[in-house]
Amino acid sequence: MKEIALHILDIVQNSISAGATLVHIGIMENLKDDSLTVSINDNGQGMDKETASKVSDPFFTSRTTRKVGLGIPLLKHSAEQAGGKVTLISEPGRGTTITAVFRHSHIDRPPVGDTPGVVSLIAGANPHIDFTYRHSAGEDVYVFDSREIKEVLEDISIGEPRIISYMKEMIAENLNGFFLAGKE
Amino acid sequence: MTKVKSLDDLRKMRDQLRSAISLREKSEHPGELVQVKVAMATCGIASGAKEVMEFMTANLEKRNIEAIVTQTGCMGYCYAEPTIEVRLPGQDSVVYGFVDLKKADEIIEKYIKQGELVDGIIPVNYETIDKKTGGI
Numbered sequence: 001m002k003e004i005a006l007h008i009l010d011i012v013q014n015s016i017s018a019g020a021t022l023v024h025i026g027i028m029e030n031l032k033d034d035s036l037t038v039s040i041n042d043n044g045q046g047m048d049k050e051t052a053s054k055v056s057d058p059f060f061t062s063r064t065t066r067k068v069g070l071g072i073p074l075l076k077h078s079a080e081q082a083g084g085k086v087t088l089i090s091e092p093g094r095g096t097t098i099t100a101v102f103r104h105s106h107i108d109r110p111p112v113g114d115t116p117g118v119v120s121l122i123a124g125a126n127p128h129i130d131f132t133y134r135h136s137a138g139e140d141v142y143v144f145d146s147r148e149i150k151e152v153l154e155d156i157s158i159g160e161p162r163i164i165s166y167m168k169e170m171i172a173e174n175l176n177g178f179f180l181a182g183k184e
Numbered sequence: 001m002t003k004v005k006s007l008d009d010l011r012k013m014r015d016q017l018r019s020a021i022s023l024r025e026k027s028e029h030p031g032e033l034v035q036v037k038v039a040m041a042t043c044g045i046a047s048g049a050k051e052v053m054e055f056m057t058a059n060l061e062k063r064n065i066e067a068i069v070t071q072t073g074c075m076g077y078c079y080a081e082p083t084i085e086v087r088l089p090g091q092d093s094v095v096y097g098f099v100d101l102k103k104a105d106e107i108i109e110k111y112i113k114q115g116e117l118v119d120g121i122i123p124v125n126y127e128t129i130d131k132k133t134g135g136i
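Chains as they are written, first to last, in our numbering: chain A, 1 to 184; chain B, 1 to 136.
There could be a bad hint or two in this list.
Which stretches of chain B does chain A cover? Using the computed rule of at least three CB atoms under 8 Å from a CB of chain A, they are [as the list claims (entries may be wrong)]: (1) 11-22; (2) 41-47; (3) 78-84.
Treat the hints as calculated values from the structure; they're not laboratory data.
Ideal placement from N, C-alpha and C gives every residue a C-beta, glycine not left out.
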């Protein structure tokens with residue numbers, strides 16, 4: 001994956017397949033300890049210990065259309081290449097949290113990329129699931145919450161193309177002002 | 001900080017959309033939408049499915065084609081990603097492989113608008129080796 005945003009787009013599909021109704025996406029940029037942390041937390045069905053221990057095995061997948069599952073292995077590779085790691089906490093019936101840490105200044109850390117595009121796309125494509133996206137860099141914090149959008153929209157679907165592009169612009173504008181990542 | 005897009009602007013957009021949608025529903029063929037599904041598993045995303053999906057969503061809207069663009073999982077054609085499945089009203093769906101933005105444009109202009117098949121179709125009866133041999 002060329003961008004961290006694309007990893008997020010990919011990993012969130014796991015939450016969707018796990019039947020999540022609420023997914024929290026977080027990016028935390030911390031220059032003091034030189035880290036960039038990405039976390040995805042869902043309230044899906046979760047995994048037992050045995051399954052959870054197998055997710056970073058490329059030859060393990062829960063799907064039947066093919067025999068490999070590369071989402072988490074690729075994220076793990078990407079994080080480890082940039083001096084970081086991936087951790088996963090999951091509990092059956094409760095949900096799953098996956099956290100990837102990158103060294104912020106590492107030359108092999110992928111750029112954050114188009115998170116506004118990714119978040120608006122997944123929120124629009126999955127109208128029955130709620131998403132939050134919290135991006136912080138030092139003191140600056142921006143939080144997007146699809147529930148707020150839906151409340152305003154009333155009977156209009158969050159999946160309407162114009163709403164999707166609106167959300168994308170809204171997130172981008174909010175992030176642009178102060179985030180380091182926006183200047184990459 | 002300069003004024004950014006706010007929820008108030010969204011409210012205005014909602015009202016505009018509401019009237020547009022009620023017009024759409026009163027039109028002659030309600031419910032008959034073109035369906036486009038973009039395969040968005042790891043393989044698709046790594047090959048550029050996000051750009052294809054954004055392109056389809058934006059351009060179908062711009063070109064006044066009533067369509068629903070959604071994402072789907074891996075259909076097993078990882079070698080041909082990005083793939084998209086297009087279903088015209090009342091017809092069987094067609095899967096296109098190796099869809100870049102140029103191909104996506106061609107699919108909209110020729111297939112969706114005029115019903116003319118374009119190159120790059122993955123036959124639906126395609127069988128993987130696994131299926132034929134009953135798995136490895």
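Structure-based check of each hint:
no.: 1; hint: 11-22; result: holds (count 6)
no.: 2; hint: 41-47; result: holds (count 5)
no.: 3; hint: 78-84; result: violated (count 1)
The earlier numbered hint that this structure contradicts is number 3, and it is the only one.
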